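The primary structure of each chain is shown beneath.
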Amino acid sequence: MLAPITPTNRRGVLIFFALFALAACLSACSNDPYAPEGARQRLYTALSEDPRTLDPAQVSDTTSGEIANQIYDALYQESYLDRPFRVEPSLAAGYPEKRIFYEEAMQGGVRKKIPRMEYTFRLRDDAYFQDDPCFPGGKGRRVTSKDVIYAIKRLSDPAVQATGYWLVAGKIKGIDDFFKNASARGKADYALDIEGLKAPDDRTLVITLTEPYPAFLYVMSMTYTAPVAREAVEYYNAGGRDGFSRHPVGTGAYRLTSWKRQHRLVLERNPGYGKEYYPTTGAAGDREKGLLDDAGKRLPFLDEIWYTIIPTPQPLWLLFLQGYLDASGIPQEQFDRVITRQLDLSDAFVKKGISLEIGSDLDIFYIAFNMRDPVLGKNKYLRQALSLSYDSDLFNQIYLNGRAVNAQGPLPPGVFGYDPALKNPYKTHDLAKARELMVKAGYPGGIDSRTGRQLELTYDIGADSPRAREQATFDMRCFEQLGIKMKLQVNTFSQYLERTIKGTFQMASSGWLADYPDPENFLQLFYGPNAPPNPNHAAFSNPEYDSLYERMRTMEDTPERLAAIKQMVAITIEGCPWIFNVHTPSYVLRHAWYKNGKSHSITGNYKKYLRVDPGARKAYWRLEDRPNYTALYAVLGFLLTVCLPAVFIKHRKRRR
Amino acid sequence: MGLYILRRVVLAVPTVLGVCLVTFLLFNVFASPEAIARKQLGKNPTAVQVKTWITAHGMDKPMFVNLERGRDGRLHPFDSRFWNHMRELVLFQFPESDYLHEKVGALLRVKIVPSLTLTVPAFLLSILIALPLALFIAYYRGTYLDRVALFVCVILMSIVILNYIILGQYLLAVVFKYFPIYGYEFGLGAWKFLLLPVILAVAAGLGGNLRFYRTVMLNEVRADYVRTAMAKGVSEERILFKHVLKNAMIPVLTVTVLSIPFLITGSLLLEMYFGIPGMGNMMLNAVNNHDYPVIRTLVYIYSLLYIAGSILTDISYTLVDPRVTFE
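Protein sequence lines correspond, in order, to chains A and B. At position 228 of the first sequence (counting the first as 1) the number is 228 in the numbering used here, and the numbers step up by one without a gap. At position 55 of the second sequence (counting the first as 1) the number is 55 in the numbering used here, and the numbers step up by one without a gap.
Keep in mind the hints are simulated off the structure, nothing from the lab. These numbers come from a predicted model, not from an experiment.
Ranges between beta-carbon positions, derived for each pair:
id : chain 1 : residue 1 : chain 2 : residue 2 : range
1  : B       : Leu162    : A       : Thr340    : 30 to 38 Å
2  : A       : Asp202    : B       : Met59     : 38 to 46 Å
3  : B       : Leu162    : A       : Asp242    : 34 to 42 Å
4  : B       : Val13     : A       : Lys378    : 54 to 62 Å
Cβ atoms here follow ideal geometry from the backbone N, Cα and C, with glycine treated the same way.
With the rest of the complex left out, here is chain A (with noise of 0.2 Å):
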């Protein structure tokens, strides 16, 4: 029989009305992080930072690289499958002509007959901007060979701030007139023809170059010389909207949907993209991992892509485990949980369908010595014995859980010209031939055999986290067995470029990621000409090795070529003004309804190839993501038990 509410009763009504709330709350509480997806094929996946910008003159950092990448189609793309890599068309209809002619122009105060190379490319008739009310009536554009041109233009216009202006400078005819103009007015004239930038017609480009320089088609296969529509521009950067760099228009298999900053980013397929297929051959190996599965299908499969942005390497971790993310790297902290001793998965995921690929990334790790250094610079013994008495391997062991490459040269494994026979006779951990070699350098037990004092040297680190300080310790330590003092010195890293641009530091600790797998991105790190402020921070300058990278930069993978790379790459041995550290490899997870998925170290336009099995990936969140309410139950049974007692005694004293 029901009863009045009486104020006696009305706190039990109360309190039975909040338990229910409660409960009600807890049982619509779950772990998953996501709205429903429906039927579409939707990835998961994270970046570690908010892009920076998505404006393809600008990209410069692989994070902003990753989304730019899927939105911006270049004229051609690195391959998705084959190994070694290798360029191929994308929005342009097939390679380019070539073609090599002769000049005749001054140069070094001399009259000479110069070879120049001209390049023919031809575009795609199915090539579109997606979709975008900066078009008339919001539909796409055919993309013409003039918004290509003005895509390299806007790389040399200094009032858009681009980050890849280096990569034509001196390369393409006419471009550093160009960009002088631009740069004495404070903004270019895209009026103004550049020399080596032709568009006979919308379909075809002549590009021609100041010399032959093979790797030009990495180049075209980069963000920054993605077309561009100049409407676009001209659109978003008017007053009161929010910018070019932030309203991407492009040609890729993806568009940008939402972008809420250090949150979330999506994109969503382009219905305008071209006709374009997965790919039919693959490397060794491929078809038996099922990665030809797919072959000759439509491109792209996904529907969405859901970036959510993780800077922290354990939410990432956990999410990934409970399948709310689809692809994952191995934190250090979980490596010997997850990898066995023979570098396998361990079982227990394998069990939950886990898949591993351990690939390479295009790096390496190095310490720097500065060669305008009057202690360092001039004392090759001294810098050959610091490197002896350096030990990759234990890093390796202690610092990367031994899944590192020791470095024996500048070039890591998978591009041209790296020997895996090489053998680096300062890179043995030998530290009596390190003594030996301190002696010839006049440093006997780290003694200056002229003064009679200790040898101190300062050791630059550009991060200042406890990680980087233990590393830097690690290092510092190898360096005093030699009897040498080692000073540290931490910087932010603003101070720290501002100390290799000015080349104030002694030994700098460095790495370098390739932008493009060819050797020359890493060899004009040892360029005479292209010390500090440019990247050859050790200012490292050898005559020969100059005069073969300007002929090595010209050639096109043959024997000789690879005889001028062996040739540098013992130059640098020799002159040693770096150490050569570690090649990291790069171990990735995936969950069994990832498909298509293949390690790629150089950043692009690949998520087009990947597809997943929702249905799969619903199942396995059945299984594992189910809220386990019994642990709540009983602390809340605990804290009754607490309490009730001392209520009781409390009633019973107020009723005496």
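Mind docking chain B on chain A? Use the hints.
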């Protein structure tokens, strides 16, 4: 009261200017314009590009006083980096973020909402839970429950917030799977992502709050008016909830009102670990990416909020205690 507030505001001006000066010196002494430009311009920028960037950001101007004649042939002594920095901050004409290429003011408007959705419920719940609990413990003073509560409070206070976050995230989101580990949704869907961080924020502050409020309550319980009320036969609940609570509000307000302006600034750690795209996250991101325009704007805003908090606290005294006046 108006005069008092005006006096406080005037006295705050040197403090704010001091903060502006210190931030200016910090960001202009430790990194040269060239290093900042090169950091923002990526790999291999040319000297011209660096120079253009520096000019576009006004970093080519003299540090404090501009003694060079301008294009119009006249002297513009205040067209210097320091005065431009001060003008931007004082007039709330915040610059553009070097990292996100967006006006800091626009970013702030977007970031305030997620921060408030986290901090306001956490703040209110902290008070709503800690105050009655403190009264409850005060009511049971001297019993084992009081002693156990004190012991638990000391334990709760001794644990740093990071441990609450990591353990809470692991237990409640990973092991028991009640809440999402990470993420946020704008709009009403946000509640799902806010429950766990709010619970952890309340739990992390509970020990300290409870102990503080309990001490305040017990000080009041020993007052003469409580003894009088008890002698008159007023029930213990009535004494506590009607009389003691009201009189204990001054020290409570001192702590709570001072923290109200900081609700806007968000919680750095909670936002970072739970992926709430608020002000705390923005600050962290700016520090990680050396985004000086954002850092200096946020430091300035924090200093303004601190001053606003202290003025608000003084005002709130008069509202709860008629004995306090602005005379």
